[in-house]
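Peer 1: Residues per chain are reported as follows:
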Amino acid sequence: METAIEVENLRKVYKEGRVEVVAVDSISLSIYKREVVGILGPSGSGKTTLLSMMGCILRPTGGNIRIHGEDVSNLSEHILPYIRRKYFGFIFQGFNLMPPLTALENVKLPLKFKGVPENDAEKESSHLLRRVGLNERVNFLPRDLSGGEKQRVAIARALAGDPPIILADEPTGNLDHKSGSHVVGLLRELVTTNNSCAIIVTHDSRIFHSLDRVFHIEDGRLKT
Amino acid sequence: MFSIALRIILYDKVRTLITLIGVVFAVALIFAQIGIYLGLMETASLIIDRTPGDIWITSKNNRNFDFSMPFPELKINRVLTAEGVKNAEKLIVTWGVIKQPQGGTEQVEIVGYNPDTGIGGPWEMKAGDVRDVKSGNYIIVDASSMKRLGMLEKGDHREIMSRRLKVVGISQSVKSFTTAPIVFTSYKTAQHIGGYVGEGETVFIIANVFDGYPVKDVVERLREALPGLDVYSKDEFSKKTRLYWTIETGVGFSFLITILISFFIGMLIVGQMIYNSTVEYLKEFGTLKAIGAANIDIYKIIFSEALINAILGYVISLMLTLASVKVYKTTEMVFTINTEVAALVFLITLVMCVFSAFISVRKIRRIDPALVFRG
Ligand SMILES: Nc1ncnc2c1ncn2[C@@H]1O[C@H](COP(=O)(O)OP(=O)(O)OP(=O)(O)O)[C@@H](O)[C@H]1O
Ligand SMILES: [Mg+2]
Numbered sequence: 601m602e603t604a605i606e607v608e609n610l611r612k613v614y615k616e617g618r619v620e621v622v623a624v625d626s627i628s629l630s631i632y633k634r635e636v637v638g639i640l641g642p643s644g645s646g647k648t649t650l651l652s653m654m655g656c657i658l659r660p661t662g663g664n665i666r667i668h669g670e671d672v673s674n675l676s677e678h679i680l681p682y683i684r685r686k687y688f689g690f691i692f693q694g695f696n697l698m699p700p701l702t703a704l705e706n707v708k709l710p711l712k713f714k715g716v717p718e719n720d721a722e723k724e725s726s727h728l729l730r731r732v733g734l735n736e737r738v739n740f741l742p743r744d745l746s747g748g749e750k751q752r753v754a755i756a757r758a759l760a761g762d763p764p765i766i767l768a769d770e771p772t773g774n775l776d777h778k779s780g781s782h783v784v785g786l787l788r789e790l791v792t793t794n795n796s797c798a799i800i801v802t803h804d805s806r807i808f809h810s811l812d813r814v815f816h817i818e819d820g821r822l823k824t
Numbered sequence: 360m361f362s363i364a365l366r367i368i369l370y371d372k373v374r375t376l377i378t379l380i381g382v383v384f385a386v387a388l389i390f391a392q393i394g395i396y397l398g399l400m401e402t403a404s405l406i407i408d409r410t411p412g413d414i415w416i417t418s419k420n421n422r423n424f425d426f427s428m429p430f431p432e433l434k435i436n437r438v439l440t441a442e443g444v445k446n447a448e449k450l451i452v453t454w455g456v457i458k459q460p461q462g463g464t465e466q467v468e469i470v471g472y473n474p475d476t477g478i479g480g481p482w483e484m485k486a487g488d489v490r491d492v493k494s495g496n497y498i499i500v501d502a503s504s505m506k507r508l509g510m511l512e513k514g515d516h517r518e519i520m521s522r523r524l525k526v527v528g529i530s531q532s533v534k535s536f537t538t539a540p541i542v543f544t545s546y547k548t549a550q551h552i553g554g555y556v557g558e559g560e561t562v563f564i565i566a567n568v569f570d571g572y573p574v575k576d577v578v579e580r581l582r583e584a585l586p587g588l589d590v591y592s593k594d595e596f597s598k599k600t601r602l603y604w605t606i607e608t609g610v611g612f613s614f615l616i617t618i619l620i621s622f623f624i625g626m627l628i629v630g631q632m633i634y635n636s637t638v639e640y641l642k643e644f645g646t647l648k649a650i651g652a653a654n655i656d657i658y659k660i661i662f663s664e665a666l667i668n669a670i671l672g673y674v675i676s677l678m679l680t681l682a683s684v685k686v687y688k689t690t691e692m693v694f695t696i697n698t699e700v701a702a703l704v705f706l707i708t709l710v711m712c713v714f715s716a717f718i719s720v721r722k723i724r725r726i727d728p729a730l731v732f733r734g
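Sequence lines, in order, name chains B and F.
Quick note: the first sequence uses my numbering, first residue 601, plus one each step.
Quick note: the second sequence uses my numbering, first residue 360, plus one each step.
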């Protein structure tokens, strides 16, 4: 099995004034291509922190991260955006859509950064919106979408450009059971066809059965 | 990224409106300052520019059209014999005091030209003819000076420096930067009014060159032939006069200051709005960074915002300015707006808006993509 992400003794310490919060404490794990894995843990246990370090959004305090064999732990700030656009599709806990842009334009964003030609970007984005069931909403602004619809736009955006690794923070939180299962089904399908992988942070026990593996963390540590 | 900027601008309607009003005010003010300044300068060199003459010869170290020293008129022979000179004409510009019919006086600028050739005389007549000032105490007054001199008609008499002169014509659109009314008379009469110019003296010699002779070469030749005088091409003398009035009256400086202030106010308004917008979109820009945007992509967004504001604001200002030129025309002021002015102001607007966006660059560089996970 080919490794997609490998982390070793990953650590993150937040400093708030004099108080130090150890959010992630010596976590080591490997995730393989074609896997859909879950990260589970109570609130404040460090799930988001771990995910954002794996996604090269947050700098670790210590430890190593390898993506497709490439060590990205010590890359400069200038290189990181290119690493992010090359490897990752992100679904954030709070959707994070651009309010002035329509659903379609939001989905197109990562493709734009990748330099995909306008026509192709347009086609791929509307295709993705259809896949998440929003073909009727392509030209809606986020403020005119429901929470669940926004989340689906965010999912479509994360899938744009077929990233080799999808990092999702509570992607089914605002969806009903059926839509939630649909999203995981969609991720599963993509992972298989694209030879990619997905890492899903979740509280949603209803989707456990469709995950290949689940990592439990508590107080920043991996529980075995 | 341009389309994202456009979306942001259309989305934040109130902010966009306020910004545009700011840009429009600043740019319209700059337009007005440049237009009025150039209008004044056009007035300053009006007679030089309108007189058919390739070369102007003046006394040594003369600085402008309006206050020039007399010199012996016989020098014209040296001019006429120079190679390449087709013809030459004498022109007097001097000052006098005119008596007002209801009492009191006004100062007038007297222009004495040769009525046979009309060179240096009025170029647009409302009544009478350019030649009518010949052989007698005759004057032509300009229609624009009637505000100062009172209503005048052909056949009226006025006294300048104790000499009774008959109005034989009314000219049009002749103005002086000094705002003094301009009175035309014959060369001979001008020599004897006021006592500043004496018998056998002129103030300018205006020469024309034959086709095929470069003016520059003839100017050089005349400079050698007339060491006691200054020789300018029409263009040089026109510029010299404009420069004199720009600097000596301080009008250039005051216009410049107003333009600079407008520029900085415009820059501040646009800069402030883009900065506000950046702060408001901090989280969104953070998201863009997280999903792979480099700093440069986000700079492109804010610079596009600045650019869009510049273009919209400029177009509105240009339309307002063009509309107000019509209003200016009804007053006696000259307002110059042409393609060069429009291009220059566009450039100023672009610089103003684009520079203002730099205020936000540092903020954007420091946006932490990890922001997406907070709040
Ligand atoms: N920027 C920060 N500065 C200081 N402390 C932080 C910061 N971000 C997170 N923390 C702390 O680190 C710990 C882990 O936070 P994290 O967001 O990773 O938890 P989580 O498992 O995602 O929680 P939730 O399920 O509520 O999203 C928490 O105690 C949190 O307060
Ligand atoms: Mg979290």
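Keep in mind that the hints were calculated from the coordinates and are not lab data.
Built from N, CA and C at the ideal position, the CB exists for glycine as well.
A hint or two may mislead.
Unchecked claim - To spell it out: a stretch of chain B is covered by chain F in this simulated footprint if at least three of its residues, at any positions, have a beta carbon under 8 Å from a beta carbon of chain F; those stretches are:
| # | region |
| --- | --- |
| 1 | 676-684 |
| 2 | 702-713 |
| 3 | 726-737 |
Claimed, not checked - As a list, the in silico SDA-like pairs of lysine to any residue whose alpha-carbon atoms are at most 20 Å apart:
| # | chain 1 | residue 1 | chain 2 | residue 2 |
| --- | --- | --- | --- | --- |
| 4 | B | 712 | F | 634 |
| 5 | F | 659 | F | 619 |
| 6 | F | 659 | B | 723 |
| 7 | B | 723 | F | 360 |
| 8 | B | 723 | F | 362 |
| 9 | F | 659 | B | 677 |
Peer 1: Against each hint, give a clear statement of whether it holds in the structure.
Peer 2: Checked hints:
no.: 1; hint: 676-684; verdict: holds (count 4)
no.: 2; hint: 702-713; verdict: holds (count 5)
no.: 3; hint: 726-737; verdict: violated (count 0)
no.: 4; hint: B:712 <-> F:634; verdict: violated, 24 Å
no.: 5; hint: F:659 <-> F:619; verdict: violated, 27 Å
no.: 6; hint: F:659 <-> B:723; verdict: violated, 24 Å
no.: 7; hint: B:723 <-> F:360; verdict: holds, 18 Å
no.: 8; hint: B:723 <-> F:362; verdict: holds, 17 Å
no.: 9; hint: F:659 <-> B:677; verdict: holds, 19 Å
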